[in-house]
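Chain residues, written in single-letter form:
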Amino acid sequence: EADIYQTPRYLVIGTGKKITLECSQTMGHDKMYWYQQDPGMELHLIHYSYGVNSTEKGDLSSESTVSRIRTEHFPLTLESARPSHTSQYLCASSWQGKVDTQYFGPGTRLTVL
Amino acid sequence: SQKIEQNSEALNIQEGKTATLTCNYTNYSPAYLQWYRQDPGRGPVFLLLIRENEKEKRKERLKVTFDTTLKQSLFHITASQPADSATYLCALPFSGGYNKLIFGAGTRLAVHP
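Residue numbers (my numbering), protein chains in the order written: chain B, 1 to 113; chain V, 1 to 113.
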């Protein structure tokens, strides 16, 4: 089992609320990622980071933002949640290097009413 | 652009048989390919990696082949068990560099007793 944690596991929230999804890893990985996944669909990369103070947007446009102030912590924030944000959010991390084997957290299932 | 194709139809097999899943890709010559397992409501778990200069890789009951001419990887589970039931994802490094992965939508495997 990989040492990467996500909280909360489930979140039901009303429209317009600000939310932060937490992701932490204890493996010392430099690279971290956020993916969005709807049921039965592929993973879509929404944010990634190569290290502290480095963040990039992924292939899928997202209204969320991320920060990387510490190596082990990569939180994702939605300033104003909408029903279209309802999805599963998965955090992952990997070592720096030529081969990108990713270790995933258990995910956060977000429902915006 | 890169494209990964996995059979979207579920694969149903009897316990004890060999399951074979297919991953096809286009517009790309990846240095390696990975297979992940994903259980419902959980993050993917890394299973196997095969490099472009390897034709076959084994790990316990798992076997992966990589045909760079056909642009195809086959993933085999021998002596399948109901506990092998899950969705299996194929992943390739992003063509623009080593630091991101592109995931297929996955094939769901159901092993029946």
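Hints listed in this document are in silico derivations from the structure and should not be mistaken for laboratory results.
Among the hints, erroneous ones may be present.
Computed spacing ranges between beta-carbons, pair by pair [stated by the list, open to error]:
#  : chain 1 : residue 1 : chain 2 : residue 2 : range
1  : B       : GLY28     : V       : SER1      : 41 to 49 Å
2  : V       : GLU52     : B       : THR77     : 32 to 40 Å
3  : B       : THR65     : V       : GLN81     : 26 to 34 Å
4  : B       : THR71     : V       : GLN14     : 42 to 50 Å
5  : B       : GLU42     : V       : GLN72     : 12 to 20 Å
6  : V       : ARG51     : B       : GLY16     : 43 to 51 Å
7  : V       : ARG61     : B       : PRO83     : 37 to 45 Å
8  : V       : LYS3      : B       : VAL99     : 36 to 44 Å
9  : V       : GLN72     : B       : PRO75     : 36 to 44 Å
10 : V       : PRO40     : B       : LEU60     : 17 to 25 Å
11 : V       : ASN12     : B       : GLY16     : 42 to 50 Å
Built from N, CA and C at the ideal position, the CB exists for glycine as well.
Does the beta carbon distance between ARG51/V and GLY16/B stay inside 43 to 51 Å, or does it fall outside? holds (49 Å)
Do the beta carbons of ARG61/V and PRO83/B sit within 37 to 45 Å of each other? Given about 43 Å between the Cβ atoms, the range holds.
Does the Cβ distance between LYS3/V and VAL99/B fall inside 36 to 44 Å? violated (22 Å)
For GLN72/V and PRO75/B, compare the CB-CB distance with the range 36 to 44 Å and indicate the outcome. holds (39 Å)
Please test the hint of 26 to 34 Å on the beta carbon pair from THR65/B and GLN81/V. violated (43 Å)
Does the Cβ distance between ASN12/V and GLY16/B fall inside 42 to 50 Å? Between ASN12/V and GLY16/B, where Cβ atoms are some 44 Å apart, the hint holds.
GLU42/B and GLN72/V, beta-carbon distance inside 12 to 20 Å? holds (18 Å)
Could one say that the CB atoms of PRO40/V and LEU60/B fall in the range 17 to 25 Å? The hint (17 to 25 Å, Cβ to Cβ) holds, given that PRO40/V and LEU60/B are roughly 22 Å apart.
Holds or violated: 41 to 49 Å for the Cβ distance of GLY28/B and SER1/V? Roughly 33 Å apart at Cβ, these two residues miss the hinted range, so it is violated.
Evaluate the given range 32 to 40 Å for the C-beta pair formed by GLU52/V and THR77/B. holds (39 Å)
Return holds or violated for the Cβ distance of THR71/B and GLN14/V against the range 42 to 50 Å. Given about 47 Å between the Cβ atoms, the range holds.
Hints 1, 3 and 8 from the earlier list are contradicted by this structure; the remaining hints agree with it.
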